[in-house]
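Here the numbering used here = 1-based position in the sequence shown + 9.
Each hint should be verified, as a subset may be incorrect.
[Said to hold, decoys possible] EDC-like cross-link-like pairs, simulated, lysine to aspartate or glutamate; straight-line CA separation at most 20 angstroms: (1) K535 with D503; (2) K599 with D503; (3) K635 with D651; (4) K142 with D463; (5) K593 with E265; (6) K422 with E450.
Please keep in mind that the hints were generated in silico from the structure rather than gathered at the bench.
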Amino acid sequence: MESLIKSLDSLYCDSLTQYSRRKTIPVRVGDVIIGGDNHIVVQSMTTVDTMDTLGSVEQCIRMIDSGCELIRITAPSLKEAENLKNIKSELRKRGYQTPLVADIHFTPNAAELAARIVEKVRINPGNYADKKKFEVIDYTDASYAEELERIRERFLPLVKICKENGTAMRIGTNHGSLSDRIMSRYGDTPLGMVESALEFLRICEDEKFHDIVISMKSSNTQVMVQAYRLLVQKLNEGGFKPYPLHLGVTEAGEAEDGRIKSAVGIGTLLEDGLGDTVRVSLTEDPEFEAPVAKALIDRYTGRTGHASIPEVVNYPITPFEHNKRQVAEIYNFGGHNVPRVITDISKVENITDREMKAVGHFYLPELDKWKMNDLGCDFVYSGSNPIPFMLPNGMKEIQNYSVWEKAPDQVNKFPLFGLSEYQKAEVFHSEINFLEVLDTEIAETISTIQGRKDTVLILKTANTHGMPALRRAFVSLIEAGSDIPVVVKVSYPDQTADMTMLYSATDVGGLLVDGLGDGILISLEKEGEHTRQEVLDQIKLHNSVSFGVLQAARTRMSKTEYISCPSCGRTLFDLQETTAMIRKRTDHLKGVKIGIMGCIVNGPGEMADADYGYVGSGKGKITLYKGKEVVKRSVPSEKAVDELIEIIREDGMWNEPETI
């Protein structure tokens, strides 16, 4: 892999510094064209039973009204595939021309029928011609070639039908449903994901069928980003056509966590010009997905006019695997420490101890003590409004240098310098100082901090192409041999909470997945004038989003993670209600990952990254997993959450929730 990286430069994207959409072949799906010079297409998936024609049609209309341009509908068997005809007919009668996509997993015959009805079919190469048994198989080259021939025979009829009917296809690899054959040959890796798709793509190309979109989805954002990048590199290297990419993070979850996790994966790729159609997978009604996808996409309208960023000649970062930038340990930054959260409270004058709950720390006046919280920030930035009371031991205060140099306590408070202040200063903190600089000041900063072992950088940018500008500054630090820890600072003008989640997750999460960054600071500096309560609400949001971004990027696990699918017509229970019920009972289990899947398709494979699993296996019946192993089958749904908790308890991972 290392030799590949050294010769890579920017092969997986047009440029690491200049925004440019990857040019792909156009793929027509009904009246919608994906790729080419066309806009990035928003899509989503229905959750109503496919056999409920009117229910499906009404939901499709709500999705279309919310901005959905392609609608995917599950077809797990021939009867659902046949009913796509009725759904499509009713939509057309009502004046809706939005193309439909049939979602196929284990049933090639359903795919072949659907391909004659709808405008596009999605197949999952992990289970289209294979059944997953989690077996390790020792293949010879000859026996593997025989398997490929078997797949060709099974897949070829669908390719020919699509070609004859002008039906497009998505070859959609999912990390959790890689076949035993691929796992045995390539392991549980991004390369295995890519090769899973390429095996099917080669068959299509042999038949001169090119109306293809490809996806590389995972619930692990690091794996997802690496797989898409590697896919593009392999397409280029192998002489394939530049096929459009469908972007998505599987089982992202709900609410804030789902939005942040989606943006870390999807936004990171959009920054580098990758992606031609987007689906945000939330455990919510599907009409709520399209606006989130559109908000992510709309950031790149007009992005090409951004300020120049110095080109990267030799890229020292491995884009296909996660490697943490090696930095010195300064106080509790860098080294083996998790990334730190700094929360900006600088716009609140005379903040009270009770108001500190906005940053995740709770003062208990009746006991005169603090309750520490897993989502309590590590540092608060008070700017020029010093905190008038003693803080708990687990949190420290950062003040502007002009305040700190006159402060009575210069030991338990830490100074924040601008570059010119830092260069002129005669007094520094003996353990840790914070130096805030722009990416454009990085060369001067490197010479200024050379040899210092008491300084942490707060790095920000004014460039509208933000993440790549910050990434370029990290490249400069690496090239200079600097091991100084870096906190990434982002700030946004007044905007919705959703936009703050999505933008922060893209700008900071995109760096974290590449191992860059030792902390996060979402600043208030671009916010307008607000009431005190409005500012406190913003602080609470910023603190929560900061921890959410670190968790979504897999760099700091501070809360329970729910890998929950977005529901579809295959789902055997109410996913939203069930997820909320499980969250209520388990959301205190720091770092535990729980998969909540509506059916076996999104079962042990799709939740491959989860510690425990709750999977619908029949009407009113749940199968419970530990990792990929079944622990209990056919558990009545009314008892299933208690049984899940008992499994966690027996595994030694349970602790009782605390009360404040």
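- Of the hints stated earlier, which fail here? Result: hints 2, 4 and 6 break, sorted rising.
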